[in-house]
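**Student:** Based on the sequences and whatever the hints tell you, model everything.
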Amino acid sequence: MGRLGLRIATAAGFAFLYIPIVVIVLYAFNAQRVQAWPIQQYSTEWFAAAFESPSVRAAFALSVEIGLGATFVALVLGSAAAFAVQRYRFFGRETISFALVLPIALPGIVTGMALNSTINAAGIGFTIFTIIVGHATFCIVVVYNNVIARLRRSSRSIEEASMDLGADPWQTFRYITFPVIRTALVAGGLLAFALSFDEIIVTTFTAGTQETLPIWIFSHLRLPNQRPIVNVVAVFLIVLSAAPVYLASRLSGSTGVGGSRT
Amino acid sequence: MTTSPTALVPKSAAPASLGRRVLSALYVRKRLQLALLLAAPTGWFVVLYLGSLAVLLVTAFWFLDPTTSSIVRSLTLQNFVTLISEPVYRTIALRTVTIAAVVTITDAAIAFPIAYYMARVAAPRPRSILFMLVLLPLWSSYLVRVYAWRVILSPGGLLDWFFTTIGLPGLSPGFSDASMWLVFSYLWLPYMILPIYAGLERIPQSLFEASADLGGRGWMTFRRIVVPLVLPALAAGSIFTFSLTLGDYITPKLVSNTQFIGNVIYDSQGVSNNVPFAAAFAVVPIAIMAAYLLLARRLGAFDAL
Amino acid sequence: MHRRAIAALPALAIVLAACSGGASPSPAPQATGPAATPAATVAAAAPTVGPGEGSLNLIIWAGYAEDGTAVPEYDWVHPFELATGCKVSSKPAGTSDEMVTLMRQGGGSVYDGVSASGDATLRLIGAGDVAAIDPSIFPDFANVASFLQNAPHYVVDGKHYGVPHGWGGNSLMYRTDVVNPAPTSWDVVFDPTKSAPYVGKITDYDSPIYIADAALYLKASRPDLGITDPYELTQPQFDAAVALLTAQRPNVGDYWSDYAKEIDNFTSKAVVVGTTWPYQVNTLLGANVPVKSIVPTEGMTGWADTWMMSAHAAHPNCMLKWMGWMLTPQAQSMVAESFGESPANPKACDLLDKGVGPYKLASFCTAYHVNDSAYYSTIAFWKTPLANCGDSRGTTCVDYSQWSQKWTQIKG
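Protein chains in written order, with our numbering: chain C, 1 to 262; chain X, 1 to 305; chain L, 1 to 412.
Treat the hints with care, as some may be off.
Unchecked claim - Some but not every residue of chain X turned toward chain C, in silico, with C-beta under 10 Å: (1) Leu56; (2) Tyr89; (3) Ala93; (4) Tyr116; (5) Arg202; (6) Leu254; (7) Thr258; (8) Val275.
Unchecked claim - Pair ranges (Cβ atoms, derived): (9) Lys30(X) with Arg153(C): 53 to 61 Å; (10) Arg222(L) with Ser85(X): 41 to 49 Å; (11) Met220(X) with Arg156(C): 37 to 45 Å; (12) Ala123(X) with Arg153(C): 18 to 26 Å.
Unchecked claim - If you want the ones that stay clear, here's a sample from chain X, every Cβ over 10 Å from chain C, calculated: (13) Leu23; (14) Asp65; (15) Pro66; (16) Thr82; (17) Arg145; (18) Ala178; (19) Gly215; (20) Arg223; (21) Asp248; (22) Ile286; (23) Leu299.
If you are wondering where the hints come from, they were derived from the structure by calculation, not from laboratory data.
Don't be surprised by glycine CBs; every beta carbon is placed ideally from N, CA and C.
**Tutor:** Dropping the structure here:
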């Protein structure tokens, strides 16, 4: 067909995707504080500065904490909702699947402002929990989508067979159902974690003085003196995430029971 | 699965534990199961999310008293009157929607070859690597990537330098709508690639073979088989690109000197504390996205997310 | 088994990172100079204030709470933290409006204090968001420049609602290698003929308060309008300023509210002339970018910043200690030199003349008119436009909510 054309188009697409990444890596080694092109001098001094900075470490730890919290909530609620929608017929089924998409379909600033007004009206403070709630709201749909897609491709006959053989519901869930959705949970969970980790808009509206990594990056990008350190942090994030992301991609590739490409 | 069948046989000698009895009872009562499964997510959503949205929408009908700078809680339409009567808000809304549409089309065009290659041409090992390469940019901080684009697009920046080096006149979009289009297309590209990839991957190979058997050439197969089957995935991906562009205020602030819907909402809310007006203007993207979602559902996007 | 081990690796990495992040902050860098200030100075700054509560949350203009990560010599956060035990976390804001909104978050209990400019102070005071304090508890307050000790932007009905921090102006900056002849007036950005060579390369400050800059220009160039106070404008005066800015709009390359953006723009020549703050000038000159900053003939608008404490502050003692510390010559000298503003306490001049860090300037106090009340009175300091003109015109002036709405329309 246009096999060569396809390869060229793909390569061009990936090049487009990675040009700014290359720029970021280059600037992590920029000796100067002002970000001008071309780079005059290279230096590795910012790597040391970034690793020594306590505020970077604190922001990173906070983001990890919030990510784990939001992912956990999303895993529990998302899979519960997926099972409910996939396995049962009930009134309002269509509405629920529509409503679940809203947090990710409506712009972040709308979600953020809505939650902010509610938090202010309820008189509760802006804490790490308000941030987790904000993040979980759009993380749920990511897990939900993955799990429900997996459930659609798997058949219930295996579960029924297991019951016929004498297993009780808990054993069936543990030995039959859970392994089927396990990879969907991991893939959904990793994507949810990624969304939460890099989230800035909703976080701005649900945080008080807490500084997640994106908020730290935002306030430091505005100060030109801190820009090189921010680039170093970005490079570090890419390197750190390569392994888990590769894992997620391997897991997403595997098919569920009863599903295939043929 | 590596469990042996004997593990599934309960020890009928010992009486079932309380937990097991509860679960068995639960298994029979389907309604109760359903209720328990749904309770938490529904509670979360209805109370926290939809409730907050409702509060926001009500706020749109209040107004800010200019003298005391505090919100007066009596219903009025004055925010909406301002929105309709002042032409600048129409201009901003139109600009945002236009760029969102252009970005969606651009992303679909760039994402399709990549997704097709990954789904149907690449062997499993390279496919995983490519999949990882698609996801990796999402981890490197949205903000840093936008700032990197500023470096690329500014006068004397990477793009300008590249063009002058190869002998063409310099090109630096700088603060223009063209820059917005480029940067937005770049940022949301992975969100378009993923659903299309998933959609293409699901097409059974046998369909291609059947089409070939029936005499369809490459382009015919593509037009008659692939496009209809991948349309839901395209619709799903477009939900992301459209909605993310519609509400973003950070990228326009950094890469453009014009205002988008997100900027007006953010400035009204954060800068002049005029939450009612911000909420009123927020109705615009909410309405647009609600309509878009209904259309996308028709196209089957919800099964392809 | 093998797969499980691999799956555990990322989790392990995350846990390790989280563990290291939970450690307490490392001690201040061993810099020579003011960072080695003993705790006594901090303690002496506010001797009668009770023990600190352990943390302090501030809203600041970026650069107002430096901790040495940018330039090691400019660190007035670590000495304070070490002496008082109040861990400082600061949120930078781009405009006064943002500061007012942030200050009101959570009913005023989220942030303990703010470095407010004159266009935020009266709003905060009027709405009861900030607390009155007794300046006599700070021994250094007596040394504050005379024209600041009872300035109307933070002293109302004889009550002080904060302590002065510093002041400066919105000067005109231009690239010396591009802008010729060297400008002397704001007409290079406002007048269609004068600004013609720089179309698309002009920059404005991104806030409704910038309308006052246009009004200031019109005060000199259109005496028929009779503008006396650029913040108290009657409807025709306001409309003229808005019209000027609307006409200028096609020539404007960028509206800035964060320093990095303006610095980037001037470095890459995306923008070559426009209003600026001393911080950007210092940074650009430090990076050897050929710029110059002048005070045009029409004068300039400016800001006089005050540290104010929230009326519902969760950590009032820490905030008072911070206020006291920020009045001392040591803190003032670091602030003034790093940001490039005139310190409220002229006693800092002794330290400034010796030089504190890389941005030192010979005869700093003369260059920045630190004790010059005549110069101070030529700057049109930011204040919130109110309907009440404050003079014989009564309540016919245009209030700030209209400024905000019009600003959105000007930018388009």
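**Student:** Next step is simple, just say for each hint if it's right about the structure.
**Tutor:** Hints and how they fare:
1. Hint status for Leu56(X): holds, given a least beta-carbon distance of 4 Å to chain C, under 10 Å.
2. With a cut of 10 Å, the hint placing Tyr89(X) at the interface with chain C is violated, because the nearest CB-to-CB distance is about 16 Å.
3. Hint status for Ala93(X) relative to chain C: violated, with the closest Cβ pair at about 13 Å, above 10 Å.
4. At its closest, the beta carbon of Tyr116(X) sits 7 Å from a beta carbon of chain C; the interface hint therefore holds under the 10 Å criterion.
5. Here the hint on Arg202(X) is kept, as its CB sits about 8 Å from the closest CB of chain C, short of 10 Å.
6. Given the 10 Å rule on beta carbons, the hint for Leu254(X) holds: about 9 Å separates it from the nearest Cβ of chain C.
7. Because the closest C-beta pair between Thr258(X) and chain C is about 17 Å apart, greater than 10 Å, the hint is violated.
8. At a threshold of 10 Å, the smallest CB-CB gap from Val275(X) to chain C is about 7 Å, leaving the interface hint in force.
9. Distance hint check: the CB atoms of Lys30(X) and Arg153(C) are about 23 Å apart, inconsistent with the given range 53 to 61 Å.
10. Checked against the given bound of 41 to 49 Å, the beta carbons of Arg222(L) and Ser85(X), roughly 29 Å apart, lie outside it.
11. Against the hinted window of 37 to 45 Å, the Cβ-Cβ separation of Met220(X) and Arg156(C) comes to about 38 Å, which satisfies the hint.
12. Against the hinted window of 18 to 26 Å, the Cβ-Cβ separation of Ala123(X) and Arg153(C) comes to about 22 Å, which satisfies the hint.
13. Not every beta carbon of chain C lies more than 10 Å from that of Leu23(X), the smallest distance being close to 5 Å; the non-interface claim is violated.
14. Residue-level check passed: Asp65(X) sits 17 Å from the nearest beta carbon of chain C, beyond 10 Å.
15. Remark: the non-interface label on Pro66(X) is consistent with the geometry, its nearest Cβ contact in chain C lying 20 Å away (cut-off 10 Å).
16. With a minimum CB-CB distance of about 18 Å to chain C, Thr82(X) clears the 10 Å threshold, and the non-interface call stands.
17. Taking the minimum C-beta to C-beta distance to chain C, about 5 Å, the non-interface status of Arg145(X) is violated against the 10 Å cut.
18. Residue placement check: Ala178(X) keeps its beta carbon more than 10 Å from all beta carbons of chain C (closest about 15 Å).
19. Every Cβ of chain C is farther than 10 Å from the Cβ of Gly215(X); the closest lies at roughly 16 Å, confirming the non-interface assignment.
20. The non-interface label for Arg223(X) is consistent with chain C: the shortest C-beta to C-beta separation is roughly 13 Å, beyond 10 Å.
21. Remark: the non-interface label on Asp248(X) conflicts with the geometry, its nearest Cβ contact in chain C lying 7 Å away (cut-off 10 Å).
22. With a closest Cβ-Cβ approach of about 6 Å to chain C, Ile286(X) is found to fall inside the 10 Å limit, against its non-interface label.
23. With 10 Å as the threshold on Cβ separation, the claim that Leu299(X) sits away from chain C holds: the shortest Cβ distance comes to roughly 14 Å.
Hint compliance for this structure: hints 2, 3, 7, 9, 10, 13, 17, 21, 22 are broken, all remaining hints hold.
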